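All chains should be modelled from the sequences, with the hints used to inform the complete structure.
Just so you know, the protein sequences line up as chains A and B, in that order. Residue numbers are given in this note's numbering: position 82 of the first sequence equals residue 82, and the series is strictly consecutive. To get this note's numbering, take the position in the second sequence, counting from 1, and add 113.
Keep in mind that the hints were calculated from the coordinates and are not lab data. One or more hints might be untrue.
What the hints assert, rightly or not - Restricting the straight-line Cα-Cα distance to at most 25 Å, the calculated cross-link-like pairs of lysine-lysine (DSS-like) are:
| no. | chain 1 | residue 1 | chain 2 | residue 2 |
| --- | --- | --- | --- | --- |
| 1 | A | K22 | B | K151 |
| 2 | A | K41 | B | K116 |
| 3 | B | K151 | B | K129 |
| 4 | B | K116 | A | K40 |
| 5 | A | K22 | A | K36 |
| 6 | A | K41 | B | K151 |
| 7 | A | K36 | A | K19 |
| 8 | A | K18 | A | K36 |
| 9 | A | K41 | A | K22 |
| 10 | A | K18 | A | K52 |
| 11 | B | K151 | A | K40 |
| 12 | B | K116 | B | K183 |
| 13 | B | K151 | A | K36 |
| 14 | A | K22 | A | K52 |
| 15 | B | K151 | B | K116 |
| 16 | B | K151 | B | K183 |
| 17 | A | K36 | A | K52 |
| 18 | B | K116 | A | K36 |
| 19 | A | K19 | A | K52 |
Said to hold, decoys possible - Derived DEER-like restraints, expressed as beta-carbon distance ranges:
| no. | chain 1 | residue 1 | chain 2 | residue 2 | range |
| --- | --- | --- | --- | --- | --- |
| 20 | B | P231 | A | G3 | 23 to 31 Å |
| 21 | B | P211 | A | E53 | 17 to 25 Å |
| 22 | A | E53 | B | H230 | 46 to 54 Å |
| 23 | A | V12 | B | R176 | 34 to 42 Å |
| 24 | A | P69 | B | T143 | 36 to 44 Å |
| 25 | A | H79 | B | D131 | 45 to 53 Å |
| 26 | B | V127 | A | N17 | 42 to 50 Å |
| 27 | B | K183 | A | T55 | 28 to 36 Å |
| 28 | B | H230 | A | G3 | 24 to 32 Å |
| 29 | A | P69 | B | T193 | 39 to 47 Å |
In this text the structure is predicted, and so the values were computed from the model without any measurement. Backbone N, C-alpha and C fix where the C-beta goes; we use that ideal spot for every residue, glycine too.
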Amino acid sequence: ETGVTQTPRHLVMGMTNKKSLKCEQHLGHNAMYWYKQSAKKPLELMFVYNFKEQTENNSVPSRFSPECPNSSHLFLHLHTLQPEDSALYLCASSNRASSYEQYFGPGTRLTVT
Amino acid sequence: AQKVTQAQTEISVVEKEDVTLDCVYETRDTTYYLFWYKQPPSGELVFLIRRNSFDEQNEISGRYSWNFQKSTSSFNFTITASQVVDSAVYFCALSGSPGGTSYGKLTFGQGTILTVHP
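And the structure:
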């Protein structure tokens with residue numbers, strides 16, 4: 001595969017469930033990002049990982065827990081979410097956490113019931 | 114703080130018309146980077162262009178062209194002879210300069226929904 005892949009593409013979960021979103025990049029990049037895209041709101045940066053180290057947490061609630069085991073993989077662990085967390089979650093990667101362009105995956109459409 | 118404004122929420126055109134998407138930004142950085150992304154219905158953001166603030170040359174790529182004007186803090190995007198496949202949401206984004214707090218972090222505008230009718 002090429003580019004940035006995300007699984008699952010769609011997820012419906014109850015507020016008491018625990019689930020994880022997965023992102024994998026095949027571009028040889030060393031920085032990865034999680035974004036949240038809600039209806040009627042701009043894309044919001046959630047987390048930044050640079051060489052597997054978290055360099056940014058944009059005041060994200062603790063019910064979202066990221067994990068970056070290596071430069072190619074990024075996870076977002078979800079637990080006790082709220083209905084307002086329903087959104088499209090986008091993963092991106094770039095060549096260093098710099099102003100190089102970021103390449104995005106197709107996103108996971110999350111619905112919290 | 115950085116800010117990107119895309120005042121046009123939705124634009125509707127007929128195929129073969131030219132269309133310009135506006136983008137105005139605010140930043141205190143002396144050097145910065147501007148981007149345009151396309152988001153088709155599939156959801157994936159597709160990178161279109163990156164522009165450095167110290168390079169004010171306009172750029173053309175096929176039917177796409179970008180007009181960067183530092184004096185008015187604008188980075189507008191024009192599609193010439195639009196096609197139905199151009200229908201998507203288009204985002205303008207800004208990233209700060211090295212050493213700044215916004216370096217490497219994209220600030221996105223609200224997006225412009227472009228619909229091209231046959």
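Which numbered hints does this structure break?
Hint check: nothing fails, all pass.
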